[in-house]
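A.B. asks: The lines below spell out each chain.
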Amino acid sequence: MVTKLALRNIFGSGLRTWLNIFILSLSYFVIIALQGFFVGWQEDATREMKEWDLAGGQYWQQSYDPYDPFTLDDSHGPTPKELQEKIKKDKAISILLTPATIYPKGRMRNIVLKGIDPQQKLLKIPTKHLRSDEDEISCLIGSEFAKKIDIKEGEYLVLRWRDKNGVYDAEDVKIAHIFHTTVLTVESNQIWIPLSQLQEMLDLPGEVTIITMKDENYNKQFQGWTYRNLDFLLADLKNMIKAKTVGSSIIYFLLLFLAVLAIFDTQILSIFRRRKEMGTMMAMGMTRPKIIQLFTTEGALHAVFAIFMGAIYGIPLLNYFEKVGMNIGMDAKEWGLSGLEDALYPVYGWKLVLGTIIFVFLTVIIVSYLPTRKISRLKPTDALRGKMTKKKVD
Amino acid sequence: MKKIIFISLLIITHTFNLNLHAEYLDGNKILKQIDENMYSKTMVTTSRMIVHGKRRSRTMRVRSWTQGDTRSFSEYLSPPKDAGTKMLKIDDKLWIYNPQADRIIQISGHMLRQSMMGSDISYEDMMEDNETSEIYKAHTIGEEVFNESDCWVLKLTAKTDDVAYHTKNIWVDKEKIIPLKEERYGKSGKLLKTTEITEIMKIDKRWYPKKFVFKDVLKKGKGTEFIIESIEFDVKIPEIRFSKAALRK
Amino acid sequence: MLKFLAKGLMRDRSRSFFPILIIAAGVVLTVLFYSWINGFIGMIISENARFETGHVKIVTRAYNELIDQKPYDLGLMNVDKKLNYLNQNYPNMNWQPRIYFGALLDVPDENGETLQQGEVMGLGVDLFSDNFERNLLNLENALASGELPQKQGEILLSQEVASKLKVKLGDNVTMIGSTMFGSIAMYNFIVSGTVRFGIQAMDRGAVIADISDVRSFLDMKNTASEIFGFLPNYKEEKTYAISKEYNEKFSYENDEFSDIMLPLREQGQMSFMLASVDQRTGIFIFFFLFIMSIVLWNSGLMNGIRRYGEVGVRLAIGESKGHIYRAMIIEAIIIGIVATIIGTAIGLVFSYLLQHYGINISSLMRDANVIMSSTMRARVTTECYFVGFIPGVIASVIGACFAGIGIYRRNTAQLFKELEQ
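Residue numbers (my numbering), protein chains in the order written: chain A, 1 to 394; chain B, 1 to 249; chain C, 1 to 421.
No wet-lab data here; the hints were simulated from the structure. One should not assume that every hint holds.
EDC-like cross-link-like pairs, simulated, lysine to aspartate or glutamate; straight-line CA separation at most 20 Å [stated by the list, open to error]:
hint, chain 1, residue 1, chain 2, residue 2
1, B, Lys222, C, Glu113
2, B, Lys215, B, Glu239
3, B, Lys54, C, Asp259
4, A, Lys105, C, Asp68
5, B, Lys219, A, Asp150
6, B, Lys93, C, Asp259
7, B, Lys205, B, Glu229
8, A, Lys105, A, Asp73
9, C, Lys249, C, Glu237
10, B, Lys54, C, Asp219
11, B, Lys244, B, Glu75
12, A, Lys128, A, Glu48
13, B, Lys220, A, Glu136
14, A, Lys105, C, Glu113
15, B, Lys159, A, Asp203
16, B, Lys54, C, Asp126
17, C, Lys70, A, Asp135
18, C, Lys221, C, Glu147
19, B, Lys86, C, Glu237
20, A, Lys88, A, Glu207
21, B, Lys219, A, Glu155
22, B, Lys190, A, Glu144
23, C, Lys82, C, Asp259
24, B, Lys190, A, Asp163
25, C, Lys244, C, Asp219
26, B, Lys159, A, Glu207
27, B, Lys190, A, Glu207
28, A, Lys164, B, Asp162
29, B, Lys220, C, Glu160
30, B, Lys54, C, Glu266
31, C, Lys166, C, Asp126
32, B, Lys190, A, Asp135
33, B, Lys220, B, Glu183
34, B, Lys155, B, Glu196
35, B, Lys190, A, Glu48
36, A, Lys147, C, Asp171
37, B, Lys220, A, Asp150
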């Protein structure tokens, strides 16, 4: 009964109801769109990082520390037997790292030289371009780094390194392929060459620095190796996106505040205008809580209709974003953020949509309810005369 | 730098007693003869090092004390900014003293890869053990005229696999048995560094390089020039010279 | 009539108080939002200008080729002469020579043996001759402990470096690097204070010393890596004009050690970044104003609708429809202006507070290599004083206009009846 009455009442007010509903629907839309954007970002970035670098987790040779370049010289060891089996079955790949020097334009630059199996299929790094059967060394290099040292595909780069005994060697390596990736950890200040060649160059047959696993949580302990699961490897990314999400909530709150302001405004005015109506209803035997319920329902119905209205334009738009991606208008790599492509594909889970709807809905109910508290101290006699009761009824 | 001087001297010192024979002398023999004859227990040199920078060249004067191939001490005399800088090498350790900071710092890690005093020599190069005929096998691979001198061309190959430069080619003056040119190669045969002697001098009946240029071939630039001003052999060097205490004096 | 209407508004609280409250609230938000966005753009520019780009900067052509490595050996010579020229020809600008360098920071134990060693990024700036750089780099505020260098030989370490290397205030530390010409260089500093820049890239490993110390450390007498130029107020066209003028005079393509002046927008990724930021903030502002306008239009509309009863009475006593309509609109304008002024005032107070205190967002920027402060601040500009009028006055008046149309559409009896309700 109350709902029906409330429905009639709010549609009775025509345009302004629709405006309120429209604004509320925008809140739904923007919150869902932005949240989806961040979820999408996290998923994109996580996927990219897994595809390019981490797969299901990594074993690090125990002295390896990516933040301390001094450790690189000693960070290598033979692959544990069990993992060798995995590698044979394409369930893992191993990577060897060593510090090296390149001489772009005759100026020294220290880099990290990485060896990877050209046949590997676990990571997206286009290793098929690496040829280990030729005399010369071919290498892969990220597009960003290539730009920095001003080198193009097919050109040669002077590479100098020292083997495990400190013997110098140098070679002109051919840039077999320049690849584009959003994952900085496989591109900045580094060069990829075939693993077997690097092992030979360093005189470290069978030794590697990192073993990347296909299966997540393959958590066996091996002497001399530290297992790093995805939680560890992706921690930075997760934290950053979490912080971004929190930061962007300023926008939701502004928006929601606006929408709620409109509802609040409507409620206060309708309560003010409809004193006589309330008086009449009371006179006809409606209890005060019932009237409060009616007015609150009226407010809350805005939120319900906003869902529908939001759905009408929101679903096609969000679908469109999901398919085409949101152009974020910048190359995020320039910002040093891994895994962010130029266009971002948002992801809208049911949890996100439902959560947003419930959140907005509850907010609207509270805001609709707040002004109606006045009714609880309204005397029917005052109301009928079109007055608000100033003092509380005993 | 000391090392370069040292090597060059080492090789050159032995030219004196060497008798030349015809055609394709056994390289090992040449090296061996050099080794047998050249060894002076100690050596004190004063030299100039000219670094050709991208913008301007700079000359540094250095006095060095060397004992065997494991210990050496050098002190920079000029220019004022570098004067008083001292380096001590004992086996595979290197300490540098800087008078401005009055600190002794052991050079390690990636600092070793950097160029020494802006020259084409890295600290790593300095740390190399001094090569002798024990480290390299030599083959005479030809004869050539270098700087108007008839030379044997020797190919040196490291006997063990922990020698910094796996192969070297040296051009040895047939008469004076002084290597006039040296090329250092990476394991897979890429030329990395060259030394060319442009002037030699005779001291105490021995031939010495007076001027030579050391160059890191991979780097752009003109290389680093060395000029030996004076040299003394078998001087008694007090033990204290090769101690950290001497760095601060 | 204006006086009459104003009186009416003042006496009838329901006609003035609520609308003003709502509109003012909307205007507060608008002003805040606008100054926030302003702050964001301004921050990107000023943070980059302060640490990376200046409004313009001068380097050698050779340096510019390798600028991401900051090769101070390819730095500028005869800096005093250049500064003289610059100060004479661009007297309203401020020119600051700086040296960026990488070095090892060595912490000795009591015997002078190395205890800790770590890589640092050094910045040599003029700390002593005036307060310009100290203020620009916000050093007083960035100070986490100790004090700024007061005399030569003192150095500021970033908090992170200090704690990583276990350095205390007053400790002696040695900087090891190579001079401009490649010689080994060492220089002793006393740690006078630690700083937290709020810029991840700097907090990770920065140290700051006076440029005179850095010059003697790196044998860079009368040289600098870069000369930064700052306008009193950043104006993009000006930076381009000055750069063009300077380069025509001093930059030669065939001399790699001739100077080149780069305007802020032409450096690194600034052009790209600013373009995308401009675009996005434009969309944001438009979107926000749009929604805000709808809300306030709605509120204006409601104010009108509420008064249909009153309108009925007024029509009944013989007022013309046009007169009532105009009166209502003038009222809306008065309300809009008053509310906007109140809202703008409050909004500005909050904006100034946000400008002063800022909000810490350090975790957002963890990975970014674009130098950015981890404290986001609002920035109040002249526009902030006016931006509120769009939704505050225009939108609410348009709302009133629409509501007033009802007066023409309904007849007197109907309107009068609404009074009865």
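A.B. asks: Hint by hint, say whether it matches the structure.
C.D. replies: How the hints compare with the structure:
As the CA atoms of Lys222 (chain B) and Glu113 (chain C) are separated by approximately 37 Å, the hinted pair breaks the 20 Å bound. With a C-alpha separation of about 33 Å, the suggested pairing of Lys215 (chain B) with Glu239 (chain B) is violated against the 20 Å cut-off. The hinted pair formed by Lys54 (chain B) and Asp259 (chain C) meets the criterion: a straight-line CA distance of about 16 Å does not exceed 20 Å. Restraint check: the Cα-Cα separation between Lys105 (chain A) and Asp68 (chain C) comes to about 15 Å, which is no more than 20 Å; the hinted pair holds.
Between Lys219 (chain B) and Asp150 (chain A) the alpha-carbon distance is near 17 Å, which keeps this suggested pair within the 20 Å criterion. Of the supplied pair hints, the one linking Lys93 (chain B) and Asp259 (chain C) is violated, its CA atoms being roughly 43 Å apart against a limit of 20 Å. Our distance criterion of 20 Å between C-alpha atoms is met by Lys205 (chain B) and Glu229 (chain B), whose separation comes to about 17 Å. Annotation: proposed proximity of Lys105 (chain A) to Asp73 (chain A) is violated, straight-line Cα distance about 26 Å (limit 20 Å).
A threshold of 20 Å between alpha carbons decides the hint, and for Lys249 (chain C) with Glu237 (chain C) the separation of about 19 Å falls inside it, so the pair holds. Of the supplied pair hints, the one linking Lys54 (chain B) and Asp219 (chain C) holds, its CA atoms being roughly 16 Å apart against a limit of 20 Å. For the hint pairing Lys244 (chain B) with Glu75 (chain B), the CA-to-CA distance comes to about 13 Å; that is within 20 Å, so the pair holds. With a C-alpha separation of about 19 Å, the suggested pairing of Lys128 (chain A) with Glu48 (chain A) holds against the 20 Å cut-off.
For the hint linking Lys220 (chain B) to Glu136 (chain A), the alpha-carbon distance of about 23 Å lies beyond 20 Å, and the restraint is violated. This hinted pair does not check out: Lys105 (chain A) and Glu113 (chain C) have alpha carbons roughly 39 Å apart, beyond 20 Å. Distance hint between Lys159 (chain B) and Asp203 (chain A) is fulfilled; the C-alpha atoms sit about 16 Å from each other, no more than 20 Å. At most 20 Å may separate the alpha-carbon atoms for a hinted pair to count; Lys54 (chain B) and Asp126 (chain C) exceed this at roughly 27 Å.
With a CA separation close to 36 Å, the supplied pair Lys70 (chain C) and Asp135 (chain A) exceeds the 20 Å bound. For the proposed pair Lys221 (chain C) and Glu147 (chain C), the alpha carbon gap of about 27 Å is over 20 Å, so the pair is violated. Distance check on the hinted pair: Lys86 (chain B) and Glu237 (chain C) sit about 53 Å apart at the alpha-carbon level, beyond 20 Å; violated. Note on Lys88 (chain A) and Glu207 (chain A): the hinted pairing holds, with a Cα-Cα distance of about 15 Å set against a maximum of 20 Å.
Distance restraint check for Lys219 (chain B) and Glu155 (chain A): the Cα-Cα separation of roughly 18 Å lies within the 20 Å cut-off, and the hinted pair is therefore satisfied. For the hint pairing Lys190 (chain B) with Glu144 (chain A), the CA-to-CA distance comes to about 28 Å; that exceeds 20 Å, so the pair is violated. For the proposed pair Lys82 (chain C) and Asp259 (chain C), the alpha carbon gap of about 10 Å is at most 20 Å, so the pair holds. With a C-alpha separation of about 15 Å, the suggested pairing of Lys190 (chain B) with Asp163 (chain A) holds against the 20 Å cut-off.
The straight-line distance between the Cα atoms of Lys244 (chain C) and Asp219 (chain C) is roughly 32 Å, outside the 20 Å bound, and the hint therefore fails. Restraint check: the Cα-Cα separation between Lys159 (chain B) and Glu207 (chain A) comes to about 25 Å, which exceeds 20 Å; the hinted pair is violated. Our distance criterion of 20 Å between C-alpha atoms is broken by Lys190 (chain B) and Glu207 (chain A), whose separation comes to about 25 Å. For the hint linking Lys164 (chain A) to Asp162 (chain B), the alpha-carbon distance of about 8 Å falls within 20 Å, and the restraint holds.
Distance check on the hinted pair: Lys220 (chain B) and Glu160 (chain C) sit about 37 Å apart at the alpha-carbon level, beyond 20 Å; violated. As the CA atoms of Lys54 (chain B) and Glu266 (chain C) are separated by approximately 27 Å, the hinted pair breaks the 20 Å bound. Simply put, Lys166 (chain C) and Asp126 (chain C) have alpha-carbon atoms about 27 Å apart, too far for the 20 Å limit, and the pair is violated. A threshold of 20 Å between alpha carbons decides the hint, and for Lys190 (chain B) with Asp135 (chain A) the separation of about 13 Å falls inside it, so the pair holds.
Our distance criterion of 20 Å between C-alpha atoms is met by Lys220 (chain B) and Glu183 (chain B), whose separation comes to about 17 Å. About 16 Å separates the Cα atoms of Lys155 (chain B) and Glu196 (chain B), which keeps this hinted pair within 20 Å; it holds. Between Lys190 (chain B) and Glu48 (chain A) the alpha-carbon distance is near 38 Å, which puts this suggested pair outside the 20 Å criterion. With a CA separation close to 42 Å, the supplied pair Lys147 (chain A) and Asp171 (chain C) exceeds the 20 Å bound.
With a C-alpha separation of about 16 Å, the suggested pairing of Lys220 (chain B) with Asp150 (chain A) holds against the 20 Å cut-off.
Checked against the numbered hints given earlier, the structure breaks hints 1, 2, 6, 8, 13, 14, 16, 17, 18, 19, 22, 25, 26, 27, 29, 30, 31, 35, 36 and satisfies all the rest.
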